[in-house]
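Chemist: Generate the whole structure from the sequences, applying the supplied hints.
First to last, the protein sequences are chains A and B. The numbering of the first sequence is the working numbering, which starts it at 1 and goes up by one. The numbering of the second sequence is the working numbering, which starts it at 1 and goes up by one.
Rather than coming from a laboratory, the hints here were simulated on the basis of the structure. These figures come from a predicted structure and were not determined experimentally. Backbone N, C-alpha and C fix where the C-beta goes; we use that ideal spot for every residue, glycine too. One thing to keep in mind: the hints can contain errors.
Unchecked claim - Output of the computed footprint for chain A on chain B, the stretches with three or more beta carbons under 8 Å from beta carbons of chain A:
1) 5 to 17
2) 58 to 70
To be verified - Some chain B residues near chain A, calculated using beta-carbon distances under 7 Å:
3) P42
4) L54
5) E109
6) D148
Said to hold, decoys possible - Derived DEER-like restraints, expressed as beta-carbon distance ranges:
7) B:H177 x A:V190: 45 to 55 Å
8) A:A164 x B:G143: 49 to 59 Å
9) B:H177 x A:T59: 31 to 41 Å
10) B:H177 x A:H119: 30 to 40 Å
11) A:T209 x B:G6: 27 to 37 Å
12) B:R131 x A:F366: 55 to 65 Å
These are the residues of each chain, in order.
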Amino acid sequence: MDSAPTAPEVIRGEAATSVEQPLARPPLVLNRRSFSWLTERISGVVENPAPRWWWVCFTITGTIAMFGMFCLGYQISTGVGTWGLNHPVGWAWDITNFVFWIGIGHAGTLISAILYLLHQKWRTSINRSAEAMTLFAVMCAAIFPGVHVGRVWMAWYLAPLPNAFGIWPNFRSPLMWDVFAVSTYFTVSVLFWYTGLIPDLATLRDRATSKIKKFLFGFFACGWRGSNRNWRHYEMAYLLLAGLATPLVLSVHSVVSFDFATSILPTWHTTIFPPYFVAGAIFGGFAMVLTLMLPARAMFKLHDIITPQHIDKMAKIILLTGSFVTYAYMMEFFTAWYSGNSYERFAFWNRVFGPYWWYWWVGMLFCNMLSPQLFWFRWCRQNIFVVYFVCMCVNAGMWFERFIIIVGGLHRDFLPSSWGLFIPTWVDLWTFIGTLGIFTSLFLLFVRFLPMIAMSEVKITLPEADAHYGSTNGQHPAAAGGKERM
Amino acid sequence: MRTPSGHNVYGMGAQYPSAATLYEAAKLVRDAGFKRWDVHSPFPIHGMDEAMGLKKSWLSAVVLAGGISGLLTAVIMEFGPSSLLYPVIVHGKPTNFMTVPAFFPIMFEMTVLFSAFAAFFAVLIMNGLPRPHHPIFNWERFGRATNDAFFLVIEARDPRFTEVEARELLERSGGQHITIIHDD
Numbered sequence: 001m002d003s004a005p006t007a008p009e010v011i012r013g014e015a016a017t018s019v020e021q022p023l024a025r026p027p028l029v030l031n032r033r034s035f036s037w038l039t040e041r042i043s044g045v046v047e048n049p050a051p052r053w054w055w056v057c058f059t060i061t062g063t064i065a066m067f068g069m070f071c072l073g074y075q076i077s078t079g080v081g082t083w084g085l086n087h088p089v090g091w092a093w094d095i096t097n098f099v100f101w102i103g104i105g106h107a108g109t110l111i112s113a114i115l116y117l118l119h120q121k122w123r124t125s126i127n128r129s130a131e132a133m134t135l136f137a138v139m140c141a142a143i144f145p146g147v148h149v150g151r152v153w154m155a156w157y158l159a160p161l162p163n164a165f166g167i168w169p170n171f172r173s174p175l176m177w178d179v180f181a182v183s184t185y186f187t188v189s190v191l192f193w194y195t196g197l198i199p200d201l202a203t204l205r206d207r208a209t210s211k212i213k214k215f216l217f218g219f220f221a222c223g224w225r226g227s228n229r230n231w232r233h234y235e236m237a238y239l240l241l242a243g244l245a246t247p248l249v250l251s252v253h254s255v256v257s258f259d260f261a262t263s264i265l266p267t268w269h270t271t272i273f274p275p276y277f278v279a280g281a282i283f284g285g286f287a288m289v290l291t292l293m294l295p296a297r298a299m300f301k302l303h304d305i306i307t308p309q310h311i312d313k314m315a316k317i318i319l320l321t322g323s324f325v326t327y328a329y330m331m332e333f334f335t336a337w338y339s340g341n342s343y344e345r346f347a348f349w350n351r352v353f354g355p356y357w358w359y360w361w362v363g364m365l366f367c368n369m370l371s372p373q374l375f376w377f378r379w380c381r382q383n384i385f386v387v388y389f390v391c392m393c394v395n396a397g398m399w400f401e402r403f404i405i406i407v408g409g410l411h412r413d414f415l416p417s418s419w420g421l422f423i424p425t426w427v428d429l430w431t432f433i434g435t436l437g438i439f440t441s442l443f444l445l446f447v448r449f450l451p452m453i454a455m456s457e458v459k460i461t462l463p464e465a466d467a468h469y470g471s472t473n474g475q476h477p478a479a480a481g482g483k484e485r486m
Numbered sequence: 001m002r003t004p005s006g007h008n009v010y011g012m013g014a015q016y017p018s019a020a021t022l023y024e025a026a027k028l029v030r031d032a033g034f035k036r037w038d039v040h041s042p043f044p045i046h047g048m049d050e051a052m053g054l055k056k057s058w059l060s061a062v063v064l065a066g067g068i069s070g071l072l073t074a075v076i077m078e079f080g081p082s083s084l085l086y087p088v089i090v091h092g093k094p095t096n097f098m099t100v101p102a103f104f105p106i107m108f109e110m111t112v113l114f115s116a117f118a119a120f121f122a123v124l125i126m127n128g129l130p131r132p133h134h135p136i137f138n139w140e141r142f143g144r145a146t147n148d149a150f151f152l153v154i155e156a157r158d159p160r161f162t163e164v165e166a167r168e169l170l171e172r173s174g175g176q177h178i179t180i181i182h183d184d
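Modeler: And the structure:
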């Protein structure tokens, strides 16, 4: 008791000296770039004429998107029978694609909201494009359950609207939760994204040379003046939107997993699904962020803004979440064995050695469990080609994972007489490839017409943005990785 | 207040070379007792609210109200049809108190949805946006406020505003390009 008061003082004294000599953090923007350099470089992507590769890419992805649109039109006008769905596999590529796309969206919200709350300043270089990616991924996701309902013109039955039959939706159904979760997720993501865009749209407005650009950017910038009285409310709104988006994003994929987990099917009926799905979503989403950002960074020469440090950190998140899903995969097998339930045991044996065996060996084992383990090595995290290879593995692996969960759970029914396999049709195939085209086309349009990096946020990471920068009255200039704005 | 050429005066503005000088200038203007003035920067400057003498934004209260209304909307929207208009037993879940957790996900989503709308519209309304035309845009230097320049503007309708005093204060705080901004 007597010695207690003295001990903390020693500790406090040590803490004080360590505060005075902060560890130098690597700068987030390389080569000591200025505010105006950032404005020029990022606005330049929008203002300069589109490079030739952009037209080449857009022509290809636009054509693929058209194929997808055609397949959707054909499917809607002819019926769900154009897909390979049949008994016992009533959910196949459509729901696989839905879960795949919605999962990709999750990385955008993680970067924009969760990393914001955690004061991770490096997020500023990638959050805008990751959020855009979220929106486009959720759009692609929404297509599949939308047309899967069969008679699309009856989709309004999902909404709690009074109708002549006096029938109401069942709010206790996970599918109904899904409708609310996904539509809320999309709406909130749009609001969050647009709120973040306003200051940057004002930058483009002030730089616009043509009248039409000035009008359009001015219209959407809402007359933003960068006033501190406005920033004060703006930052509070941004913080609260981040705080709202954080539980929201965790809830969305949890609700998606409830679609499966509340059923009684072996391999679906598990309590591990919500965290397993959320980790998988972030895992797959970060791979997609890197898939898009690495070419964009090279094409628009953004190496000083999206630095090796950013790629390194994203690779570490892929490693972390990849290890989560690896744990979940192994725990599923353990639980199946430990439960003693013969259906459950059979389903997991069938996953590895059944007709879809190679989906598991290639998709889940190699792509999802093994390939991210390369990121334990610094050399691999710093080599763009290794990073890109792993990202491509993860993109594919996460699609396979969803296919294994959905079709793997359905194709072996409780009665062997109803066993069957899923054979995709050309409409299945081209609808999925078409959404890849829609997604990349939308992203290419975004890159051309809106600032792909949050200028006002990246500027805060420069040491010059600190109110005490260069002052000599005993206060240190903030280190480059110092305080996040709040 | 009018200029010799007959323009109404909106205020007097000065440009500052850095965020740090703007921060120090804001403290001077605050201590001089001005009320109707503002600083403009390409990004929010940490600590500027205190330097300007501003309190915490009360936007959070609006968002709380939005969240509560979203929750109540969900409660009415779910229990109205499920318990009164079209009670039906599915999943072995009757419409009694024991099944309430099955209604939680939609309550949560609606709470978040309404809160987010509240935050979005509150930030626009509380900032007086959208406002495409503002006298400050008459200042040709101001186009850089969204790029790399830092400005401080004292409005003419501030009770303490006189041309001499404002100019002296802006000069003393290190302001450059001190300019009278027209209202029209």
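Chemist: Which hint numbers does the structure go against, in order from smallest to largest?
Modeler: When the structure is compared with the hints, numbers 1, 7 and 9 turn out to be violated.
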